[in-house]
Amino acid sequence: MKTTLITLILSAAAAVALFGGKAVRSHVTTLRDDAKASVRSATPADYEARRIRTLIASMTDEVLAFSDKIAEVESSAAAQRRDIQGLESQVAQDRTDLVTERNLLAQDRQTFEIRGKAFSRAQVEASAQARLARMERDRATLETKQAAVERLESAVREGRARLQSASEARDAKLRELELLEAQFANAALSRELQTLAAPLDTVSLTRSQGELAESMKAFGERVRREERQAHTAGGTRSSSVNGVIAHNEGPGQPGLLDQIDRMLTAPADAR
Numbered sequence: 001m002k003t004t005l006i007t008l009i010l011s012a013a014a015a016v017a018l019f020g021g022k023a024v025r026s027h028v029t030t031l032r033d034d035a036k037a038s039v040r041s042a043t044p045a046d047y048e049a050r051r052i053r054t055l056i057a058s059m060t061d062e063v064l065a066f067s068d069k070i071a072e073v074e075s076s077a078a079a080q081r082r083d084i085q086g087l088e089s090q091v092a093q094d095r096t097d098l099v100t101e102r103n104l105l106a107q108d109r110q111t112f113e114i115r116g117k118a119f120s121r122a123q124v125e126a127s128a129q130a131r132l133a134r135m136e137r138d139r140a141t142l143e144t145k146q147a148a149v150e151r152l153e154s155a156v157r158e159g160r161a162r163l164q165s166a167s168e169a170r171d172a173k174l175r176e177l178e179l180l181e182a183q184f185a186n187a188a189l190s191r192e193l194q195t196l197a198a199p200l201d202t203v204s205l206t207r208s209q210g211e212l213a214e215s216m217k218a219f220g221e222r223v224r225r226e227e228r229q230a231h232t233a234g235g236t237r238s239s240s241v242n243g244v245i246a247h248n249e250g251p252g253q254p255g256l257l258d259q260i261d262r263m264l265t266a267p268a269d270a271r
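Its first residue numbered 1, the sequence shown is counted upward by one per residue in the numbering used here.
These are calculated hints, taken from the structure and not from any lab test.
The reader is advised that the hints may include incorrect statements.
To be verified - Below 20 Å or equal to it, Euclidean Cα-Cα: the simulated DMTMM-like pairs (lysine to aspartate or glutamate) are:
id, residue 1, residue 2
1, K173, D46
2, K69, E150
3, K69, E168
4, K145, E74
5, K69, E153
6, K173, D61
7, K69, E158
8, K117, D97
9, K173, E48
10, K145, E88
11, K145, E72
12, K145, D83
13, K173, E62
14, K217, E227
With these hints in hand, go ahead and build the complete structure from the sequences.
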């Protein structure tokens, strides 16, 4: 194994030295393309079509997986939006209460009555300080969440555009494959019909005109015999049907069933 590897390396080095790097690459590329062309020409068309359909199906799987990821990101963005709305509501309520506490502290008093309960100035100051800190924290959180949501929603928009493009490319490839399959089937049918008709151009006609006329006459008699038998069978069915189903007919006008029977038992070329 080691000797073989060394031999391959030396051969490659000799080829590079002899032809140059670009020339060697061109030879390798040509050989690879020839191999691909040989494999494709030896591959049955129906197998090649199935292989392409498998590739298109894998594209569909990727599209579905990407769509699921978009839905996941979109769901996360929606959850963040709900959190933002809750925080905005909390900040608005804290702002209203902070305005009330600020107005109280602006008064030169040591006790305050709020909703029927007495609070000291120190308690109001502590409440205002805690509320102020919470509002600062919530506002910072809001800025972070809003920036994150904007990035998520932007990613969703870009993802949906990419998804649309990928879906259109997949559908275009599928339509292209179906067209190629139809063209191949038509070409195969045309070739088959040409092969079938080829003997008409090469085979000599040795039958005599008399024998041909006799054969045609015999065949015509056979056709007429079949028509008579079909007409007799149709008349039998018509009489049995008329005997079971009663219907009114106008004077001098054929009934519907009689018209149907004549249509069904008439020779094909008379319709």
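Against the structure, the hints come out as follows:
1. K173 - D46: OK: K173 and D46 at ~17 Å, within 20 Å.
2. K69 - E150: holds, 17 Å
3. K69 - E168: Holds - the C-alpha atoms of E168 and K69 are around 19 Å apart, at most 20 Å.
4. K145 - E74: Measuring from Cα to Cα gives roughly 14 Å; hence the hint holds.
5. K69 - E153: holds, 13 Å
6. K173 - D61: The hint holds at about 15 Å.
7. K69 - E158: Holds, at about 12 Å.
8. K117 - D97: holds, 16 Å
9. K173 - E48: Holds, at roughly 14 Å.
10. K145 - E88: Since the Cα atoms of K145 and E88 sit roughly 11 Å apart, the hinted pair holds (cutoff 20 Å).
11. K145 - E72: Holds. K145 to E72 sits at ~17 Å (cutoff 20 Å).
12. K145 - D83: holds, 8 Å
13. K173 - E62: Distance of about 15 Å is within 20 Å: holds.
14. K217 - E227: holds, 15 Å
Checked against the numbered hints above, the structure breaks none of them.
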